[in-house]
Amino acid sequence: MSTDVTAAADAPEQPTTRAIATAAGGGKARRVKDRLTSPWATFAAILIATLWTIPTFGLLVSSFRTPEEIRSNGWWNIFVSPSFTLENYLDVLTVQGASSANLGSYFVNSLVIAIPAALFPIIIATMAAYAFAWIKFRGSGAIFVLIFALQIVPLQMALIPLLQIFSEVLGISGTFPAVWIAHTIFGLPLCIFLLHNFISEIPGEVIEAARVDGANHTQIFFRIVIPLSLPALASIGIFQFLWVWNDLLVALVFSGGTADVAPLTQRLAELVGNFGRNQERLPAAAFISLIVPLIVFFSLQRYFVRGLLAGSTKG
Amino acid sequence: MSAFWSDLVSKFGIMVLGLAVFAAVVGLVLFLADRAPKRGRDYWQLAAFVGPSIVLLAVGLVYPAIRTTVLAFFSRQTANGSDFVGLDNFVWMFTQPEIVIVLVNTLIWVALVPTLSTIFGLAYAVFIDKSHGEKVLKSLVFMPMAISFVGAGIIWRFMYEYREVGFSEQIGLLNQILVWIGQDPQPFLVNSPWNTIFLINVMVWIQTGFAMVLLSAAIKGVPVEIIEAARLDGANAWQSFWNVTVPGIRGTLVVVITTISIATLKVFDIVRAMTGGNFDTSVVANEMYTQAFNRGETGYGSALAVVLFFMVLPIVVYNVRVMRKQKEIR
Chain G
1 MSTDVTAAAD APEQPTTRAI ATAAGGGKAR RVKDRLTSPW ATFAAILIAT
51 LWTIPTFGLL VSSFRTPEEI RSNGWWNIFV SPSFTLENYL DVLTVQGASS
101 ANLGSYFVNS LVIAIPAALF PIIIATMAAY AFAWIKFRGS GAIFVLIFAL
151 QIVPLQMALI PLLQIFSEVL GISGTFPAVW IAHTIFGLPL CIFLLHNFIS
201 EIPGEVIEAA RVDGANHTQI FFRIVIPLSL PALASIGIFQ FLWVWNDLLV
251 ALVFSGGTAD VAPLTQRLAE LVGNFGRNQE RLPAAAFISL IVPLIVFFSL
301 QRYFVRGLLA GSTKG
Chain B
1001 MSAFWSDLVS KFGIMVLGLA VFAAVVGLVL FLADRAPKRG RDYWQLAAFV
1051 GPSIVLLAVG LVYPAIRTTV LAFFSRQTAN GSDFVGLDNF VWMFTQPEIV
1101 IVLVNTLIWV ALVPTLSTIF GLAYAVFIDK SHGEKVLKSL VFMPMAISFV
1151 GAGIIWRFMY EYREVGFSEQ IGLLNQILVW IGQDPQPFLV NSPWNTIFLI
1201 NVMVWIQTGF AMVLLSAAIK GVPVEIIEAA RLDGANAWQS FWNVTVPGIR
1251 GTLVVVITTI SIATLKVFDI VRAMTGGNFD TSVVANEMYT QAFNRGETGY
1301 GSALAVVLFF MVLPIVVYNV RVMRKQKEIR
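Quick note, the sequences are listed as chains G and B, same order.
First residue of the first sequence? That's 1 in the numbering used here, and the numbers climb one at a time after it.
First residue of the second sequence? That's 1001 in the numbering used here, and the numbers climb one at a time after it.
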């Protein structure tokens, strides 16, 4: 729903005032601006920003303190007695064994789950979106509306029967393909809808010209539709990747929960379930799982925001 | 260490194989459609393009949703199959005190999270509008939206952590603050019903950034000149905010509130990671998982999923209608 949401947010909702806006000079806008930014508002903004950042900052600081320090007092003591160690990160990432966090393996699992689970739905959805936008056939509108309507089905509605299909019919429960397929299915309705919005805006003349030159649908799809939709594919792909990376529910149901397949989120949920025993590991463990979303967030913020606004109704 | 590397190679091998198989299947389907007999080639190509989506959705979403609805009227599945029990699963839901608490909790969540997130997000968007460093200030509050609910749960577990008095120093900031101001520390996540409020706080912390980004964009769409005109007519900052800005962003407000409501109704990970649904904090999505997958009560789990569907349904319908209207205005 990206285009709708963002466009609605951007569009002035009283079009009649547009004329006035253009007639007035920029100087006036400046004066109003100055008057609206009071020092109190700035103070309140900085206060909220600080309150919002402290929890994450505290955990980051904790992750670099020694296990004894984490257990015995709060992270704010770092300002009194500074210390720094990478011990926790080494412990959760590299130490092998039954009782260790073993996050190295789970990190690999998260990648192995998230990359195909982001690519599969995007590709299948692009194909469907192209067909709904540019191949004329009877019932196309009705099927498209039906797919759009599927977004209202919470994925909880599908979990039990889908798990039965995976375990009893296909026999793939607890493997990577099971998690890939589940994420692909749950991602499809939204991806098709968003990509359809985008692909249907490609100018008809471009497609028509290619058709006149003798290109068939497969050729048009690869030579025109995919190159022209790359920005949209990137936004939606990034969102789908992060959605899968951050997901816990689908992983819990379909991955089987072992170090062979389960992603980071699932291991973190297990570790936090025994908070008392794992508290010195948890800050570092949490940051290992947060690092990928945070890199994506700060480096690709524009795409990220677009994709997020688009996909916020998912799940 | 070598065990780790061989593990890594074999897993990436599976991934590359999976990607290759996928590419081969998609390629083959499109190639065959390309080479289809001239008569009806359009239909073959159409089938190639929409077929995969329709098959996946029919088998993976439509059929399961129908089956879940059916399962909601049957008892748990055993080796001997299951019995039709009519509305018993729903009666169970509304008569078991602990499940009634689950339903009430969900209502508390959906009442508080959208309201508080929108209020904080709107206030923050107004405060930072056109201020210095707007981008940085935005990023700071928006950041929680990027991370997983499980990660957010761990962050807040440390904020709420409780140590008995005299046992050791507090390691949770909130309890340390209570100690500093001379109060007794509290086990925030144990004492019902306030623990639900503290879980809700985590969701508000995440969703405020989302509300802020959308509302900030909407506020920038309200022409400065109307606000200026209101000011010239003698309205103070508060009046012009309520009478000019808020009506100007009403459409976006509706979208923000409904979107957060839907996300809140489906919340699972936060409860799972922070209390596991213990101490009367469970919500419908978490209880559905517990019943269906921890206890094997497929009937109860399915009934809860159906209830969740009917809670989400009106909000989605309303949301779509509002968006349609906005499209018409444009």
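Calculated from the structure, these hints are not laboratory results.
Wrong hints could be hidden among the right ones.
A few chain G residues facing chain B, derived, Cβ under 8 angstroms [what the hints assert, rightly or not]: (1) V95; (2) Q96; (3) S105; (4) F137.
Using 30 angstroms as the maximum straight-line C-alpha spacing, the simulated DSSO-like pairs for lysine-lysine come out as follows [as the list claims (entries may be wrong)]: (5) K136/G - K1130/B; (6) K1130/B - K1038/B; (7) K136/G - K1220/B; (8) K1220/B - K1325/B; (9) K1135/B - K1038/B.
None of the values given here were measured: they were computed from a predicted structure.
Where a beta carbon is used, it is the ideal one built from N, C-alpha and C, also for glycine.
What's the verdict on K136/G and K1130/B, does the C-alpha distance respect the 30 angstroms limit or exceed it?
Violated. K136/G to K1130/B sits at ~48 angstroms, over the 30 angstroms cutoff.
How about F137/G: closest beta carbon in chain B under 8 angstroms, or not?
Interface hint status for F137/G: holds (5 angstroms vs cutoff 8 angstroms).
Distance restraint between K1135/B and K1038/B, which requires alpha-carbon spacing of 30 angstroms or less
Violated - the C-alpha atoms of K1038/B and K1135/B are around 57 angstroms apart, more than 30 angstroms.
Verify the proposed pairing of K1130/B with K1038/B, using a straight-line Cα cut of 30 angstroms.
Status violated; Cα separation ~62 angstroms.
Is the hinted pair K136/G and K1220/B satisfied, with a Cα-Cα distance of at most 30 angstroms?
Not satisfied, since the Cα-Cα distance of roughly 40 angstroms exceeds 30 angstroms.
Using 8 angstroms as the Cβ threshold, decide whether Q96/G counts as touching chain B.
This hint holds: Q96/G lies near chain B, its Cβ roughly 6 angstroms from the closest one there, short of 8 angstroms.
Below or equal to 30 angstroms on CA atoms is what counts here, so check K1220/B against K1325/B.
Cα-Cα ~21 angstroms, so holds.
Hint check: is the beta carbon of S105/G less than 8 angstroms from a beta carbon of chain B?
At 6 angstroms from the nearest chain B Cβ, S105/G passes the 8 angstroms test, so the hint holds.
Taking 8 angstroms as the limit, does the beta-carbon of V95/G come near enough to a beta-carbon in chain B?
violated (11 angstroms)
In this structure, the hints that do not hold are numbers 1, 5, 6, 7, 9, in rising order.
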